[in-house]
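Asker: Listed below, chain by chain, are the residues.
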Amino acid sequence: MSDARLVIVKRAVLEIADGMNVNLGIGMPTLVAGEIPPEFSVMLHSENGLLGIGPYPLEGSEDPDLINAGKETVTAVQGASYFDSAESFAMIRGGHIDVAILGGMEVSEQGDLANWMIPGKMIKGMGGAMDLVSGAKRIVVIMEHVNKHGEPKIKRQCSLPLTGRRVVNRLITDLAVFDFTEEGMVLIETQQGASVEVIRQKTEASFTVSPDLRTANTL
Amino acid sequence: MNKGKVVHSAAEAIQDIRDGATLIVGGFGLCGIPEQAILTLRDKGVKDLTIVSNNCGVDDWGLGLLLANNQIKKMISSYVGENKIFERQFLSGELEVELVPQGTLAERIRAGGAGIPAFYTATGVGTSVAEGKEHKQFNGRTYIMEEAIVGDFAFVKAWKADTLGNLIYRNTARNFNPLAAAAAKVTIAEAEEIVETGQLDPNHIHTPGIYVQRLLLGTGYEKRIERRTVLRTASQGTEGVR
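In the order they appear, the protein sequences are chains A and B. Numbering of the first sequence is given in my numbering, commencing with residue 59 and proceeding in unit increments. Numbering of the second sequence is given in my numbering, commencing with residue 308 and proceeding in unit increments.
Just so you know, the hints here were simulated from the structure itself, not pulled from any lab data. This structure is a prediction, so every number in the text was calculated from the model and none was measured. Incorrect hints may appear among the rest.
[Stated by the list, open to error] When the alpha-carbon atoms are kept at most 30 Å apart in a straight line, the in silico DSS-like pairs for lysine-lysine are as follows: (1) B/K440 / B/K467; (2) A/K182 / B/K443; (3) B/K381 / A/K179; (4) B/K443 / A/K195; (5) B/K380 / A/K179; (6) B/K381 / A/K182; (7) B/K354 / A/K182; (8) A/K179 / A/K213.
[Said to hold, decoys possible] Per label pair, the in silico range of CB-to-CB distance: (9) A/G178 / B/G439: 37 to 43 Å; (10) A/E255 / B/G447: 47 to 53 Å; (11) B/E529 / A/L271: 37 to 43 Å; (12) A/A62 / B/T540: 24 to 30 Å; (13) A/G178 / B/Q322: 50 to 56 Å.
For glycine and all other residues, C-beta sits at the position ideal for the given N, C-alpha and C.
The following block holds chain B by itself, in its conformation from the complex (with noise of 0.2 Å):
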């Protein structure tokens, strides 16, 4: 449907989101992180959620704020040594984890996008990933077969959007995004500022409508920085200071 996605609060936007269901995340640590429907699904509280996202946020901010409020049953990520929380949760047992490696989380959720259920990969063939896993020849090579991850629900954050729900990011904050924003029945995207359709460049769309059904105009970005690593001088080289 190309009409009326735009809705008017995160509460409205999330409101169908039940206990148990799986979500994709967008992001890359804390960089491209979609921080209202995170902070709304926070306050709603549905509980026994899988997650799918790249990282864990930390222990105060993005997901993290759902592990501290016990929302997440299993993760499904690439690297998490982020958050005090979850390794607690990881270690008492509460919290399943599936670890996958970046690129094969960003195919899986890429290939569930686009309808194709599963696909081969040498990464991780001869670890403990591959193992259980239907293993394959190609030319001389054994790979690994892996399979698609498709969401009830998707998370996403956009720099700009029109109403149709076409999507631009900014640099590094594109990450997952558009991987997440394919590969859920009902993708939520939010932006930090909508146009009217017409108003972007079609040569400049990251994700095309067809992939969004809802959007959100968010506010009051915190955008925080994980690592914040910078020059005191132009001269210093790339050794920066933490």
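One chain only, chain A, in its complex shape (with noise of 0.2 Å):
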């Protein structure tokens, strides 16, 4: 894992409290699977169907009918359960998902969040997440501040395609941490070593600072 994503991955955990019901994304969210503390009981929601995904499986005992949502083999840990695509989407659009954790390409300042197609590039789908940004309770995005040319991922408006508007209720990157709120999107953490001109400059929307604003907690 590289530094940024080490910085995001473990601000991330911190979402995650003892006995939640937890779906994360494909990519980097999952990585997040490995920072939840051993002694939590969380059970993590895969979306073909089963609550409480476990380890990926010793080699050689890998099951080829018991895979995630990202298609890699996996196990399932104890009290878990298997169900139809249908009831594992009634879990999410009912409501019953605490927290979705999500990659993200773009954040606008509204809260929308663009992560499932860029035009003139082969459309291969949206997959859950639209289901997940509108149903799950609480939607955090975690993803790198700027893209790989340096420039702003998190926008006044997202120029891509959105998965879901207003959707973002807490946004986590390797400089810094926001909430969306009713008076818009606001600073509420900053990562070890970043400032808030720094942020400023790497970041389109326009937020205000919180007046809480501290350090975030991660290593």
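Since each chain sits alone in its own frame, please combine them into the complex, following the hints.
Answerer: See below:
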């Protein structure tokens, strides 16, 4: 894991409390699973029909009938359950998932999220992302603060097609943590070593700074 | 009809599928896909099919076989990113694609099987998915109307079946299979094992036999794994090896 991703993942895991039912998106969010304290009773939900994702299987014990939503071979924890896809999304749509942690391509200052397609590139599909952002109780987006060209990914308006409008509750990057409130986007934490000035430079969206601004409690 | 569901070959099971049919196919990625029915449909060569399935296989397996054989006119799916032939046919305009959010796809199929013509969901509101759809407010929140899907045929894959067509799936190989089974005029189920009626515990049936018209004993399942992720040692934690 790169340093930036490690900072993000270590901060993201603090969004998960003991006892929660949690959905982790494909990619960087999947890495959050490895940081959940072992003493926590947390059930990880997989859209393809599993509540209670376990670690990857030991080599030689992979089961082709047991995969996660990223189509990776996994195991199931004690107390897990299997169900069909309609039931799986009833859990999501019905508001039974406490938090979903998802990756992002762009987030707007209104809390819009774009993370499923780039015009001109092959359209792969939205999978379960649109259902998650409109159904889970709380949406946390994690992504690097700027793209590989150094351009802001946190914008006034998303330029990419939306996954959901006004759906993000919290955004965690390698520089900052923002909340989306009735009063707009608020900087609530800076990552260690990141100043508010640098965060402003690298953010196109307008935001206010919380009076309780603090340094993220990471490592 | 609760008689004579067990067919003797996959060719017999799919004999009346014609060009232009709509098929709902169970499976998630390559997990829980009806391998035998797909292979046999590839050999039969019927064309202009509309396929409703969460994914479209890979280049050389699953529904990718039907794509490679130019049998699919339209795909209704939520995620199709694993397939180069798909990309080529889509970009050339040969293949029509309707992308549907996964939960909406599942519910549209479920609704089709349950006789519900349409339903409202918040999924997709404010996005391209909502364009052209009826919007309606309930308790102050905006929803869009999504219509049910019914197939001419469904292909499903079970772990165990009895001769009445009662089905049990294994682990996450269940996925879209029970929904597909209920949502077609003719459901063709294949199973790894078929036992005599009475041998399955009624408490454990996932798909009651009422939804299954034809039942085939499958053999030689490949059960390919799309992304093999493993731990080399028990202490390695959750960051696996691909």
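Asker: Taking the hints in turn, state whether each one holds.
Answerer: Hints versus structure:
1. As the CA atoms of B/K440 and B/K467 are separated by approximately 40 Å, the hinted pair breaks the 30 Å bound.
2. Taking the CA atoms of A/K182 and B/K443, the gap is about 29 Å. The hint holds against a cut of 30 Å.
3. Proposed proximity of B/K381 and A/K179 is supported: the alpha carbons are some 20 Å apart, at most 30 Å.
4. For the given pair, B/K443 sits about 21 Å from A/K195 by alpha-carbon distance, which is consistent with the 30 Å threshold.
5. Straight-line distance between C-alpha atoms of B/K380 and A/K179 comes to about 22 Å, which keeps the hinted pair within the 30 Å bound.
6. For the suggested pair B/K381 and A/K182, the alpha carbons sit about 15 Å apart, so the restraint of at most 30 Å is met.
7. At roughly 24 Å between alpha-carbon atoms, B/K354 and A/K182 fall within 30 Å of each other, so this suggested pair holds.
8. The straight-line distance between the Cα atoms of A/K179 and A/K213 is roughly 21 Å, inside the 30 Å bound, and the hint therefore holds.
9. A hinted range of 37 to 43 Å is violated for the C-beta pair A/G178 and B/G439, which are about 23 Å apart.
10. The hinted range of 47 to 53 Å is not satisfied by A/E255 and B/G447, whose Cβ atoms lie roughly 40 Å apart.
11. Checked against the hint of 37 to 43 Å, the C-beta distance between B/E529 and A/L271 comes to roughly 56 Å, which is inconsistent with it.
12. A/A62 and B/T540 have their C-beta atoms about 28 Å apart, which keeps the hinted 24 to 30 Å range intact.
13. A/G178 and B/Q322 have their C-beta atoms about 44 Å apart, which leaves the hinted 50 to 56 Å range violated.
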